[in-house]
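Protein chains in written order, with numbering that gives the first Met the number 0: chain E, 0 to 248; chain G, 0 to 451.
A portion of the hints provided could be inaccurate.
[To be verified] Listing some non-contacts, in silico: residues in chain E with all C-beta distances to chain G over 12 Å:
| # | residue |
| --- | --- |
| 1 | Lys17 |
| 2 | Gly18 |
| 3 | Glu50 |
| 4 | Glu53 |
| 5 | Glu72 |
| 6 | Glu88 |
| 7 | Glu104 |
| 8 | Ala108 |
| 9 | Leu129 |
| 10 | Ala179 |
| 11 | Arg205 |
| 12 | Trp242 |
[Claimed, not checked] As a list, the in silico DSS-like pairs of lysine-lysine whose alpha-carbon atoms are at most 30 Å apart:
| # | chain 1 | residue 1 | chain 2 | residue 2 |
| --- | --- | --- | --- | --- |
| 13 | E | Lys117 | G | Lys432 |
| 14 | G | Lys432 | E | Lys122 |
| 15 | E | Lys117 | G | Lys437 |
[What the hints assert, rightly or not] Footprint (simulated), chain E over chain G, 3 or more residues, beta carbon under 8 Å:
| # | segment |
| --- | --- |
| 16 | 385-396 |
| 17 | 402-409 |
The set of hints was computed from the structure by calculation and includes no laboratory data. Just so you know, even glycine gets a beta-carbon here, dropped at the ideal spot from N, CA and C.
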Amino acid sequence: MLKIENLNAEIDGKAILKGLNLEVNPGEVHAIMGPNGAGKSTMANVIAGKEEYEVTAGTIELNGEDISELAPEERAHNGVFLSFQYPVEIPGVSVTNFIKTAINESRKAQGLEEMPAKDMLKKIREKSELLEIDRKFLGRSLNEGFSGGEKKRNEIFQMAMLEPKLAILDETDSGLDIDALRIVANGVNKLKSKDNAVIVITHYQRLLDYIVPDFVHVLHDGKIVKTGDASLALELEAKGYDWIKQELV
Amino acid sequence: MYSVFKDFSTFKRNKMELKDKLLSSYVAFENRVDTNSDVHEIRSQALENFEELGFPTRKLEAWKYTSLNTVLKQDYSLFPNTERAIELVDVKQYFIHEIDSYKVVFIDGKYSSFLSQTTHEHYDVCLMSSALSNAKYKPVIDKYFNKIAKQDNLTSLNTAFAVEGAYIHIPKNTEVKKPIQIINFTTGSEAATMVQPRNLVVVGENAHVQIIERHQSLTSNAVLTNVVTEIFADKAANIDYYKIQDDEITASLVDNSYIEQQSNSVVSVHTFSFGGNITRNNLNFYQKGEHIDSILKGITIIEGKQHVDHHTLVHHIEPNCESHQDYKGIYDERSTGVFNGKVIVEKEAQKTNAYQQNNNVLVSDKATINAKPQLEIFADDVKCSHGCTIGQLDEDALFYMQQRGIPQKEGRALLMFAFANTVLESVRIPEVKQRITKLIANKLNVNIGFDL
Ligand SMILES: Nc1ncnc2c1ncn2[C@@H]1O[C@H](COP(=O)(O)OP(=O)(O)O)[C@@H](O)[C@H]1O
Ligand SMILES: [Mg+2]
Chain E
0 MLKIENLNAE
10 IDGKAILKGL
20 NLEVNPGEVH
30 AIMGPNGAGK
40 STMANVIAGK
50 EEYEVTAGTI
60 ELNGEDISEL
70 APEERAHNGV
80 FLSFQYPVEI
90 PGVSVTNFIK
100 TAINESRKAQ
110 GLEEMPAKDM
120 LKKIREKSEL
130 LEIDRKFLGR
140 SLNEGFSGGE
150 KKRNEIFQMA
160 MLEPKLAILD
170 ETDSGLDIDA
180 LRIVANGVNK
190 LKSKDNAVIV
200 ITHYQRLLDY
210 IVPDFVHVLH
220 DGKIVKTGDA
230 SLALELEAKG
240 YDWIKQELV
Chain G
0 MYSVFKDFST
10 FKRNKMELKD
20 KLLSSYVAFE
30 NRVDTNSDVH
40 EIRSQALENF
50 EELGFPTRKL
60 EAWKYTSLNT
70 VLKQDYSLFP
80 NTERAIELVD
90 VKQYFIHEID
100 SYKVVFIDGK
110 YSSFLSQTTH
120 EHYDVCLMSS
130 ALSNAKYKPV
140 IDKYFNKIAK
150 QDNLTSLNTA
160 FAVEGAYIHI
170 PKNTEVKKPI
180 QIINFTTGSE
190 AATMVQPRNL
200 VVVGENAHVQ
210 IIERHQSLTS
220 NAVLTNVVTE
230 IFADKAANID
240 YYKIQDDEIT
250 ASLVDNSYIE
260 QQSNSVVSVH
270 TFSFGGNITR
280 NNLNFYQKGE
290 HIDSILKGIT
300 IIEGKQHVDH
310 HTLVHHIEPN
320 CESHQDYKGI
330 YDERSTGVFN
340 GKVIVEKEAQ
350 KTNAYQQNNN
360 VLVSDKATIN
370 AKPQLEIFAD
380 DVKCSHGCTI
390 GQLDEDALFY
400 MQQRGIPQKE
410 GRALLMFAFA
420 NTVLESVRIP
430 EVKQRITKLI
440 ANKLNVNIGF
450 DL
């Protein structure tokens, strides 16, 4: 599904990703862990196509196709979804209208008609129930004045609405209390199938108790320095990252 | 009379300055109007004013950022005398045709009975020309005509040539059942046309009316409109006024509006400026009683070399009144905007609540906005707030939207809609709101039905 080879990316001339390799197949869950500033969010943004970052070497393939020249919306239309570490506030645009526009623009790009209003409402109801989101909440301006937890829950609601092929969750667990974490994880699990894949960026094991990864990678200084199975996450939680850094020297 | 018109064509060949041309054509004008009237006294006085003041130049503080130079260079025909027929199908799009309404329509400054729907039944929705000539209306004309219009350069020019426009008189305790549309078409039958409509709106105690005003040229020949509208709101009257400015890029507009309010009245004016070459809005409110609410709102979205200048004035004279101003501007390419919002609070006007907000987005780094709040507050117990922002579109928000599959162009449009929404929100005629939304979508070149 996703194949990243020797990815190098920089911002304002500062190298951040330094030869990153990652392969994700349909049906898999990958966890990415690593110290602050390692480049995890940068990786997520580069996959999603944020133009601020300059890709200086390497390739990003999605389903065998090089996507590194595509605009962010084209990548989204190809099934890439990023749950932002810091979701942006957009005053004046309600959650409902935003998601309607997003869905219909994606459909337009695929040559489909707009989704009938009735189907849209039904889907919104279904997915907001899945994530235990209050109706009133959907009428509010997107992310404006939302608590950290509400923002993250809203990201997963949008993911549920858009049904992406590749979802990247960037610290979606931070800011969530234990109940919200369970609801969000449950939402993600409901959407999982053998045809889609999830990359979970996190610092904590507790999310991985719910969303069980097939692989755990450690990202350090712009590349993946260690890969293991679910037990690696437990080990990292117990021992921190220093031992890995030491292994490297 | 014919000889006068012949002279007039000589002026054309010699390409006189517009001011001289206007002054010399006055004889011809006088041939067409009743010169033995009180109104003509007013006109003659106004002509003298204009003769002395001339056209505004950038040397005047109020015109510092707006130059009419290029506009005044055109060789305007002042009394276009061809009556070109207009088919309704060709102009239907300029009406808010989805609603039943009264219509007062002018073509090249002349009343079009064919396109209009006037009334005298419970109120007068008709013509200035008949109000000026018919004795029945004399008391109203005597009381209100040119009573609040400033004696300044362009208003005086309009007054000097005032013959036609909309005349609306709503007696007390009357609710006008449907909105009134005032539309001025120019056909472009001349290479360049200057028109000067003159409107008078008198709304009695506790009466309600909604008005939509539009100036529209039907070709890309040059047009200069210098319109004056005087609006009187008696006690507890309610006036809801919409100005739709979406004209051809070759048309310039100076809109001079004067509004006098008595106690407990509410007057709201929304100005939507999307089209035109140079647009100058002089919007003046005078509060002559207590518990008055004045609402001034605007959305400006321009591009290319378009220029829109909003000069607002709210004069708080009595205590316990409010004013609310909210102007949003989106400027692309080399367009320029001006917002000059003056609020005067007199010493007697205690407990005034004056609110002014002017937010701007510069989409291109070549676009300019000159924003200047001017508060002159002489009372001590007042709440006056003003805020002005100039920013760019939020790039992070744009990326966020793109990430969710909304293309950049549509994302930008959505952000602009959201930005302008505080103004759209208060539009009380749903069909007008829909139309404005559509005009904005066209302007931004997107096809999305936002119901924000
Ligand atoms: N927009 C940016 N401008 C400048 N530096 C950035 C930007 N984004 C990320 N960085 C830098 O890149 C490095 C990696 O950041 P990030 O990808 O956010 O790390 P992580 O998500 O692993 O904590 C950090 O040193 C950070 O300061
Ligand atoms: Mg991060």
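Going through the hints against the structure:
no. : hint                  : in the structure
1   : Lys17                 : 23 Å, holds
2   : Gly18                 : 25 Å, holds
3   : Glu50                 : 8 Å, violated
4   : Glu53                 : 15 Å, holds
5   : Glu72                 : 4 Å, violated
6   : Glu88                 : 8 Å, violated
7   : Glu104                : 5 Å, violated
8   : Ala108                : 7 Å, violated
9   : Leu129                : 18 Å, holds
10  : Ala179                : 21 Å, holds
11  : Arg205                : 26 Å, holds
12  : Trp242                : 35 Å, holds
13  : E:Lys117 <-> G:Lys432 : 24 Å, holds
14  : G:Lys432 <-> E:Lys122 : 29 Å, holds
15  : E:Lys117 <-> G:Lys437 : 24 Å, holds
16  : 385-396               : holds (count 3)
17  : 402-409               : holds (count 7)
When held up to the earlier numbered hints, the structure conflicts with 3, 5, 6, 7 and 8 and fits the remainder.
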